[in-house]
Amino acid sequence: MSGNVLSGTEVRSILGGVPIAWPAAVVIKSLGDIGQAINDVRSFPVVVKAEGLAHRHASGGVWTGVRDRDALVASVRAFGLHFGFPITVTPYLQHNTEYILGVTRYQTGECLAMVGIGGTAVEARDQTIYLLLPVARREAVQAVLAFTSEMHQAGQLADAMIALGEVMVADGHKRYGSIDLNPVVFDEGGGTLYALDAKVFLADSVP
Amino acid sequence: MAEMTGKDLDYIRATLRPSAVTIVGYSPDSAGSTNLLQRLRRNGFTGPVHLINRRRAERGESGFLPSARAVRGDLGMVYVLLEGPAAVQVVQDLPRRPAGVVIFGAGFTESGRPDLEAELVTWANGAFDGSPVPVYGPQSMGIFSTANGFFGTNAILPERIEQGEVAIVTQSGSLLCTISRTASARNLGLSRAIAVGNGRVTSAFDAAAALLGEADVSVVVVYAEAVPELALLRNLGQVARVEQKPVLLCLGGVSLAGRAAAYSHTGAMATEERVVGAVARHSGLITVRSPEELIWGAEALIDNALRTPEGTGVALIGFTGGGVIVVADELARHGIDLTVPSTDTVDRIRLAVDGHNTTWNPVDGGPALGRPGGVSEITRAYVADPGFGVYLGLAGGGLPPPTRVHELQVEAFAQAVLDGGALGVVGSYVPDESTGAWKIAGLTTARGGNELAAKARILRDWSRLNSPLRSVQDLQDQASEESCQVTF
Chain A
1 MSGNVLSGTE VRSILGGVPI AWPAAVVIKS LGDIGQAIND VRSFPVVVKA EGLAHRHASG
61 GVWTGVRDRD ALVASVRAFG LHFGFPITVT PYLQHNTEYI LGVTRYQTGE CLAMVGIGGT
121 AVEARDQTIY LLLPVARREA VQAVLAFTSE MHQAGQLADA MIALGEVMVA DGHKRYGSID
181 LNPVVFDEGG GTLYALDAKV FLADSVP
Chain B
1 MAEMTGKDLD YIRATLRPSA VTIVGYSPDS AGSTNLLQRL RRNGFTGPVH LINRRRAERG
61 ESGFLPSARA VRGDLGMVYV LLEGPAAVQV VQDLPRRPAG VVIFGAGFTE SGRPDLEAEL
121 VTWANGAFDG SPVPVYGPQS MGIFSTANGF FGTNAILPER IEQGEVAIVT QSGSLLCTIS
181 RTASARNLGL SRAIAVGNGR VTSAFDAAAA LLGEADVSVV VVYAEAVPEL ALLRNLGQVA
241 RVEQKPVLLC LGGVSLAGRA AAYSHTGAMA TEERVVGAVA RHSGLITVRS PEELIWGAEA
301 LIDNALRTPE GTGVALIGFT GGGVIVVADE LARHGIDLTV PSTDTVDRIR LAVDGHNTTW
361 NPVDGGPALG RPGGVSEITR AYVADPGFGV YLGLAGGGLP PPTRVHELQV EAFAQAVLDG
421 GALGVVGSYV PDESTGAWKI AGLTTARGGN ELAAKARILR DWSRLNSPLR SVQDLQDQAS
481 EESCQVTF
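Just so you know, the sequences run in chain order A and B.
Using this note's numbering, you'd call the opening residue of the first sequence number 1 and step up by one each time.
Using this note's numbering, you'd call the opening residue of the second sequence number 1 and step up by one each time.
Worth flagging that the hints you see were computed from the coordinates, not collected in a lab.
Glycine included, C-beta positions come from ideal geometry on N, C-alpha and C.
Be a bit skeptical, because a hint or two may be false.
[Said to hold, decoys possible] To spell it out: a stretch of chain B is covered by chain A in this simulated footprint if at least three of its residues, at any positions, have a beta carbon under 8 Å from a beta carbon of chain A; those stretches are:
hint : segment
1    : 272-282
2    : 363-374
[Claimed, not checked] Straight-line alpha carbon distances no greater than 20 Å define the calculated SDA-like cross-link-like pairs of lysine to any residue that follow:
hint : chain 1 : residue 1 : chain 2 : residue 2
3    : A       : Lys29     : A       : Gly109
4    : A       : Lys174    : B       : Val405
5    : A       : Lys174    : B       : Ala268
6    : A       : Lys174    : B       : Ala231
7    : A       : Lys29     : A       : Pro19
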């Protein structure tokens with residue numbers, strides 16, 4: 001795992017106050033854990049991720065749609081060989097739009113929040129809005145409404161963005177340089193907001 | 001905590017109405033010195049002017065003092081005609097609080113001495129009790145006010161500046177000259193101007209916020225080249241909201257460079273251009289793309305009397321066929337979507353043009369031109385649509401209207417827009433330098449597609465700031481354009 005990028009359970013702990021759901025994760029810490037871990041997987045398909053990579057998808061460290069136990073075992077073995085451990089396994093969530101929520105320290109030392117269309121091509125799509133923290137809820141909702149017309153979804157995204165901002169602003173030692181929640185999605189019913197991936201980039205990872 | 005208003009920054013506004021002036025480093029052999037003094041007197045400043053020149057005073061030359069310590073009474077505005085460390089020393093030696101300080105010279109950060117600017121900041125904030133001392137510079141060209149005739153500036157200005165409602169704040173001294181001259185050429189009156197120079201002590205944003213508090217200032221235009229803190233934009237926007245006055249902001253020299261790819265997505269995409277533009281707009285500032293647009297925008301807002309229509313959509317009505325297509329393309333380049341009007345509006349327009357049109361925004365008013373009242377009918381059909389607030393009339397034959405018939409068309413358009421309480425621009429799509437100072441009461445005019453589109457964009461942004469957001473669609477439309485907007 002890169003010392004400058006935090007992911008997995010450590011990130012969930014840091015972001016515990018953010019009103020967002022996390023898919024149940026099975027963490028596999030070594031090859032020896034595979035058997036027990038796979039028994040803990042309740043349903044398929046699943047998503048397999050190599051932890052500790054800054055941009056997993058671009059590095060090939062995310063496999064979605066893994067459909068059964070045999071495929072899962074093979075995925076975990078391959079990831080363990082190429083990327084090392086730990087590896088997380090989460091249920092695949094059916095969803096529509098992928099969003100991104102993020103916070104970062106700007107060159108002036110001030111903190112910014114960002115919301116937009118996320119996923120793997122977030123930078124290529126370049127559909128994001130930046131707001132200066134702290135941000136009022138109305139302002140956050142107004143920004144989010146660029147990307148969804150569903151008011152209850154806008155409210156959830158806005159609340160998550162505000163809470164994410166509070167994590168950043170409360171970081172008095174400036175340990176965190178940037179936090180990405182990408183993608184965040186609503187489940188098939190559209191009611192619950194999930195973070196499918198999250199990373200905390202430590203301040204010393206800033207070039 | 002109460003919201004800050006422009007009136008909270010009276011210590012900055014006070015620099016434009018000093019009771020005295022002290023010029024340190026004055027020399028009758030220096031054009032900079034003599035220009036400053038002559039301009040002060042020529043424009044009616046009657047307070048004492050203290051001339052500081054140690055060598056001349058020691059030689060016994062009349063009219064000179066050896067230092068500011070020898071000044072009896074109020075120092076007023078202190079102008080420092082020295083550079084670098086010498087300038088800082090003079091400021092630090094001031095015996096009493098001045099109204100403010102202007103440092104014309106260089107020799108600071110650009111000469112590798114950022115520590116000198118830091119010393120000025122420390123002095124301004126701590127030398128005297130109470131509010132900070134305003135310091136314009138280094139590399140300031142000074143300040144002026146037409147309200148009271150105080151012209152403490154070395155800038156090359158027009159012979160006469162008409163008194164008006166526009167205030168200028170600029171980090172660039174040469175742009176103070178350019179903007180003032182352009183405004184004068186267009187008969188756009190100016191109220192006050194502050195050239196903040198490097199803006200490290202008193203920022204352009206604080207100066208702008210202060211000028212918003214002046215009763216005779218309706219619009220503030222700002223040119224800046226650095227944003228030391230994003231919060232300054234937010235503060236300025238807050239004051240603009242409280243004062244209910246527009247601030248037009250042009251930022252020069254912002255970086256397009258992205259961050260390293262190994263960084264987070266949020267960090268990598270936080271380019272200076274994207275971030276500063278977004279924060280400025282979300283703070284309620286109207287961003288423009290060039291210093292020229294500062295003048296166009298101020299003119300458009302003043303000409304339209306800062307009306308605040310409920311609708312925010314932009315409608316283009318042409319009194320000439322091909323021209324609307326050209327202008328529509330120009331509007332698209334300025335990020336303006338010509339939204340399709342409601343079905344009811346389309347039905348009304350169809351009646352007005354006898355059903356010959358195939359597009360409804362822009363609309364070619366040509367088929368209706370031959371009928372008395374045709375232009376008025378088309379325009380009023382649109383004005384009745386609550387979704388629209390900015391109307392662009394593309395004049396057939398150019399401007400000024402070449403015939404009485406063309407003039408009647410423009411007047412009919414203008415009256416319909418005014419009756420609807422909306423914002424309007426009458427333009428020609430080819431720049432015509434013979435347009436001169438032709439005006440139409442209550443609306444603004446534009447020469448050429450670029451000016452027309454820029455004014456449309458600025459008026460639209462003004463209407464968005466003031467329109468109650470009535471629907472999710474309004475919010476979406478506004479924010480969608482925001483999210484795709486890279487340049488400002």
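Outcome of the hint check:
Evaluation of the coverage hint for the segment 272-282 of chain B: fulfilled, as 6 residues show C-beta separations to chain A shorter than 8 Å, against a requirement of three. As drawn, the segment 363-374 of chain B meets chain A at 0 residues by the rule of a beta-carbon pair under 8 Å; below three, the given contact is violated. This hinted pair does not check out: Lys29(A) and Gly109(A) have alpha carbons roughly 37 Å apart, beyond 20 Å. Distance check on the hinted pair: Lys174(A) and Val405(B) sit about 68 Å apart at the alpha-carbon level, beyond 20 Å; violated.
Restraint check for Lys174(A) and Ala268(B): the C-alpha separation of about 18 Å stays at or below 20 Å, so the hint holds. Distance hint between Lys174(A) and Ala231(B) is fulfilled; the C-alpha atoms sit about 18 Å from each other, no more than 20 Å. For a cut-off of 20 Å, the pair hint linking Lys29(A) to Pro19(A) is broken: about 28 Å separates their Cα positions.
The earlier numbered hints that this structure contradicts are 2, 3, 4 and 7.
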